[in-house]
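Colleague: Heads up: the protein sequence lines correspond to chains A and B, in order. Per my numbering, the first sequence starts with residue 1, numbered consecutively. Per my numbering, the second sequence starts with residue 251, numbered consecutively.
In case anyone wonders, no lab produced these hints; they're calculated from the structure. Where is the CB? At the ideal position from N, CA and C, for every residue including glycine. Take these hints with a grain of salt, some might be off.
To be verified - Each computed SDA-like pair below joins lysine to any residue, with the alpha-carbon atoms no more than 25 Å apart:
no., chain 1, residue 1, chain 2, residue 2
1, A, 61, A, 86
2, A, 229, B, 466
3, A, 218, B, 429
4, B, 375, B, 418
5, A, 229, B, 343
6, A, 13, B, 417
7, A, 229, B, 446
8, A, 13, B, 443
9, A, 13, A, 211
10, B, 332, B, 318
11, B, 375, B, 357
12, A, 31, A, 64
13, A, 20, B, 443
14, A, 20, A, 47
15, A, 229, B, 417
16, A, 31, A, 16
17, A, 229, B, 365
18, A, 13, B, 365
19, A, 218, A, 176
20, A, 61, A, 78
21, B, 307, B, 472
22, B, 307, B, 254
23, A, 218, B, 307
24, A, 31, A, 48
25, A, 13, B, 375
26, A, 31, B, 476
27, A, 31, B, 343
Stated by the list, open to error - Looking from chain B toward chain A, a few residues come up when the C-beta cut is under 7 Å (computed):
no., residue
28, 265
29, 342
30, 346
31, 364
32, 414
33, 443
34, 462
Said to hold, decoys possible - Footprint (simulated), chain B over chain A, 3 or more residues, beta carbon under 8 Å:
no., stretch
35, 143-154
36, 157-164
37, 187-199
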Amino acid sequence: MKAIDMHSHLPGKAFNYGRKPTPDFLYTMDKSGIDTAVVFTIDGFFYDPIQSNNLLNEQVKEANGRLIPFCTVDPRNEMAHLEIRRCICELGFKGIKIHPWWQGVSPLDPCMKMVAEEAVRLKVPIIFHDGTPPFSSPLQIAYLAGEYPDLKVILGHGGGMDLWIEAVAAVKRYPNCTICLCGSATPPAILRLMIEELGADKVTIGTDAGFGDDYYVKYRMEQFHDLLKDFPLIDQERMYWQNAVELLNI
Amino acid sequence: MNNQNIFDAHITLGPSQYFDINPDTVLQLMDQNNIEKALISPSDQWMAVDNTIGNRKIAKYVNDWPERFLGYASVNPWYGEKACLELERALGDGLCAIKVNPLRQGFILLEKICAPIFEIANQYKLIVYVVTGIGVLSMPLQLSEIARRYPEAIFIMGRSGWSDFHLMDFIPSVQQSPNIYVETAYNFPETLNTVIQTIGLDRVLFSSDAPFSNTRMEIEKIRNLNVDALGSRNIFYGNIIQLLNEKKI
């Protein structure tokens, strides 16, 4: 079945990973059964986001459309909306990734309004790292979804290990909020509960590729196969790729 | 290689909010995955409130399947003196280690109500499995501090800080406390290989965290570590056996 990885990263100098050439990244996707991957930076959360967006753009050009880039910005930068506009309108990026913990910004910080408003204006989703307080709890992020009902908000880890119940509450509360089941941040048995609770329409899958070695990606996809095979085919299609297509508007 | 003995250092049994895990299910899972033995733990409700019921159940399972199960006792420290008495009783009833879950039992690892439990563990040189990775309540460096206070006890860092304390805190906290062992559930080969490079593999224990994680994949993961056959055998079996043989109660 076709698979869109809704959560992956092209690594760089952060964590001493080193840059991964695009062909190598695509090779890992091939080995893991991933057709298309939404890719974010890692370095952009720590260093210069504009430079990181440009690097991401260069790498994506080599991927024949298989990598769909999301930009990041420093939400406190008063020109952040211009960088979002440049990435979406000029470079063809399809969304925004914010990592509130690493970027040191709460989703409730007033500066996030500009990011949210620009995303609404450009009709692109924002995917957030979530599951790790104090700046990345699902309901903090979903609060933004409540403030901007036209904003597409994706909880990038579905609450992670301990806050999955909060992620479920957030998605139930706000219709513009969905979850990405990002690998084994949450135990597989709990992921099953979440899907049953929320329904397949609210769920996408992600590997968090870029962290760890190739084994990590393959492992996470295998985990999804093991989990999703028990759901009706129509639901599997939704979670593996259809929901992603709708979110990305591609 | 695939037929090697496996000892699972942490499986949960009993009723909880979301699952009801009975011994037959667990034994089936163990058989399917060639797991010879497991340390089994009481589930949420049994840890949080119904300690005696849970400990008796776990002891019964251990008694019914002595070749397959060893058991963790768990008591909620908020019961104070009663908790200590129940712990002593459960240990006398055949359970051999302690499980602590600050999230379910409602305390910060460093709070003084926990001290009597750790003192018992220290006195008897017991294994204490502590769920970690929970912000505020149970973080790797908190466990490391506890391990330094109670150097005779052996602590298993449950979940090894997953997540996201596995990124930075996990390895230094283990490095500074030689009486902390790490469990393999959830963390990936890359991190586990770094742990092994840093502290050696003698303090690495296989666990599946069944039924929450995927047992088959947790086992396969260990086979992808950069360790030789002996190292793999020790992670799967030898290290926990040695630990259990060293305990004195």
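Colleague: Hints first: check each against the structure and report whether it holds.
Modeller: Cross-check of the supplied hints:
no.	hint	verdict
1	61/A to 86/A	holds (16 Å)
2	229/A to 466/B	holds (16 Å)
3	218/A to 429/B	violated (34 Å)
4	375/B to 418/B	violated (29 Å)
5	229/A to 343/B	violated (42 Å)
6	13/A to 417/B	holds (15 Å)
7	229/A to 446/B	violated (35 Å)
8	13/A to 443/B	holds (20 Å)
9	13/A to 211/A	holds (12 Å)
10	332/B to 318/B	violated (30 Å)
11	375/B to 357/B	holds (23 Å)
12	31/A to 64/A	holds (17 Å)
13	20/A to 443/B	holds (20 Å)
14	20/A to 47/A	holds (17 Å)
15	229/A to 417/B	violated (31 Å)
16	31/A to 16/A	holds (24 Å)
17	229/A to 365/B	violated (46 Å)
18	13/A to 365/B	violated (43 Å)
19	218/A to 176/A	violated (30 Å)
20	61/A to 78/A	violated (29 Å)
21	307/B to 472/B	violated (31 Å)
22	307/B to 254/B	violated (29 Å)
23	218/A to 307/B	violated (39 Å)
24	31/A to 48/A	violated (32 Å)
25	13/A to 375/B	violated (44 Å)
26	31/A to 476/B	holds (21 Å)
27	31/A to 343/B	violated (51 Å)
28	265	violated (15 Å)
29	342	violated (33 Å)
30	346	violated (25 Å)
31	364	violated (19 Å)
32	414	holds (5 Å)
33	443	violated (9 Å)
34	462	holds (4 Å)
35	143-154	violated (count 0)
36	157-164	holds (count 3)
37	187-199	holds (count 5)
In summary, the numbered hints that this structure violates are 3, 4, 5, 7, 10, 15, 17, 18, 19, 20, 21, 22, 23, 24, 25, 27, 28, 29, 30, 31, 33 and 35.
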